[in-house]
Amino acid sequence: MYRSHVLVCGGTGCTSSGSEKIITTLEEEIKNKGLENEVAVVKTGCHGLCALGPIMIVYPEAAFYAMVKAEDIPEIVEEHLLKGRVVTRLLYDETVTDHGVTALNDTDFYKKQHRIALRNCGVINPENIDEYIGTGGYEALGKVLTEMTPDDVINVLLDSGLRGRGGAGFPTGRKWALAKANDADQKYVCCNADEGDPGAFMDRSVLEGDPHVVLEAMAIAGYTIGATQGYIYVRAEYPIAVERLNIAINQAREYGLLGKNIFGTDFCFDIDLRLGAGAFVCGEETALMVSIEGNRGEPRCRPPFPALKGLFAKPTILNNVETYANIPQIILHGPEWFASMGTEKSKGTKVFALGGKINNTGLVEIPMGTTLREVVEEIGGGIPGGKKFKAAQTGGPSGGCIPAEHFDIPIDYDNLISIGSMMGSGGLIVMDEDNCMVDIAKFFLEFTVDESCGKCTPCRIGTKRLYEMLDKITKGQGTLEDLDKMEELCYYIKENALCGLGQTAPNPVLSTLRYFRDEYIAHVVDKKCPAGVCKALLSYKIDADKCKGCTLCARTCPNNAIIGVVKEPHAIDQSKCVKCGACMEKCRFGAIYKE
Amino acid sequence: MKSLEELKAIRERMQGQVGLRSEDSSQTRVVVGMATCGIASGARPVLTTLSDAVQERHLDNIAVTQTGCIGLCQYEPIVEVMEPGKDKVTYVKMNPEKALEVVEKHLIRGQVVQKYTLNAENIK
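Residue numbers (our numbering), protein chains in the order written: chain U, 18 to 612; chain X, -2 to 121.
Hints are not guaranteed to be accurate.
DMTMM-like mimics (lysine to aspartate or glutamate), calculated; alpha carbons at most 20 Å apart, straight line [unchecked claim]: (1) U:K100 - X:D49; (2) X:K5 - U:E164; (3) U:K277 - X:E2; (4) X:K5 - U:D451; (5) U:K160 - X:E3.
Hint data in this document are derived by calculation from the structure and do not stem from the laboratory.
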């Protein structure tokens, strides 16, 4: 028995900021002080506050140390673990108040969160099945196998109102019911862990922090629809997640929680991993199944839907990681509990990956219906440097922008669709006044052009043409007719593309055209980029009144574009300037500006 | 594992340990003085005994933690029990056996073990 547990985050964020080194130093120091039988060091999954990594929490005091460095470890061990004095200086400053140290759950970042899918992330050691069982793991599977019929499970899911967390929001209970209703000698349960949206990392965190919850939910799905084999399709770019899934699968097999006659019943179920090779389109359900079959990952027509003819032409259900992560809790606590959270048509919680111009970059799980303002200003801690909020991008390359005028919109599936964006898998990128919306649309189009599989013409050629028009506009060569042509092409692609990738690819263009048409017009008519991002449309200039002639800029310029003599105002030779902005960063007098 | 009973057994074994990682203002806090004076007079075995006993008995609502010098060095090892909404109880001159008695009588049954408290000592 240990009197104290030190939890160190082993998620991708904290690992890259050096948590492995923290763990080894910590273990050494604890040994030096002879505390190895009293203090346990536990490597956990993501706590969500990735911006403050590496993160370390010491229980039972629940002291939250942020941005821990290896050289701080001896002090923490000596003072806190040995003598019981929390090292306040190194705590996350939000938890330190005039009245002492507050609970982590009372900080702005965690206060409004409600963790269901992430409940074990950052709490248990994901590589130890016993810890998962200790928090109630595999109890839902036991309950389903011994007390419930498949129809009971479907009814619980339908009553709970759970909708697919991958983006489209299809009711999970209905999906399972369709697959159950189709008779076949073999059926399959698949998990979509091919998280590809730029800026989204919710599924990775669940897999890294709580892999067993996915296995348990997939086994429940297998029992419900009558499948004996499951596949998790996970991208190879998530090495930590893959490793922990492998460990989890082996442990579950050892315990007989996967395999034959689970819990002494007739139910048999096993799970295998399939690694994605990095194609975005493989996150589309039909392409994903084609890829599992061993073929080139390209989508096919629907119908027939996977519930009828999916993997190897057998009835298949495919759910997203986060959807699965909710299911054991719904089984244990009942559908009413889950349905009591959220809005009328979107129940429960949603995990968002906060990124972009926001202070608390990281992972948050909030009840559906939380407003964008609460997410950005309270949980996210606002925008760095006191800049003005311009828009939030949700749904990645398939989604759209939510402008400031909709800052108070409650976030749920239907509200986001109604304003031309979508929930998507949950990436939420915040943009401030320094972001150019045309440039953002161009960025996402560049991504879809790259990732289009090329099977259907509207997507293969249409997105390329859209990209070219956006490129023209950012270079100041666009015309007003281009804007209309672009809009027409967008609708054409949406209606005619084969799969979700193409059908949603124009969304970033359409939503920026809808809310930020004035920025497009500024690029086309005035040949200006209001945010000062598009290089072709701006030039750097020196204010002769402010310039002291210190020559710092001239020495900094990589292309010798700045001319002038000491103590005289300098000037920039526009024909040589490469617009790198180095001079502006260096100037101590604020004499250089761009327009 | 072939039965729900086995799953339950693992759960019960692990629950006390994982339960340590909770944050709850309704928790009872048991604090052991672990400054130089406390350690020198044997606070460490008291702390580990308390911590083990609380976890073994699944007293999820009790957190055993340590603190610095309370200021009564000649009465160390000192253990303070703070229950929400009640007066703090200070036990003095503790050892592992006395600590177990406190767990059984005070933490589980709610009866303060008067004979070990600071009040029972004749402080002049």
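Next on the checklist: Does D49 (chain X) sit within 20 Å of K100 (chain U), going by the straight-line distance between their CA atoms?
Outcome noted: 19 Å, holds
Next on the checklist: Check whether the Cα positions of K160 (chain U) and E3 (chain X) lie no farther apart than 20 Å.
Outcome noted: 14 Å, holds
Checklist entry - Straight-line Cα separation of K277 (chain U) and E2 (chain X) no greater than 20 Å? => result 18 Å, holds
Checklist entry - Keeping to a limit of 20 Å between CA atoms, is the pair of K5 (chain X) and D451 (chain U) held or broken? => result 56 Å, violated
Item to check | Holds or violated: K5 (chain X) to E164 (chain U), with C-alpha atoms at most 20 Å apart | outcome: 16 Å, holds
In terms of the numbered hints stated before, the structure departs from hint 4 and from no other.
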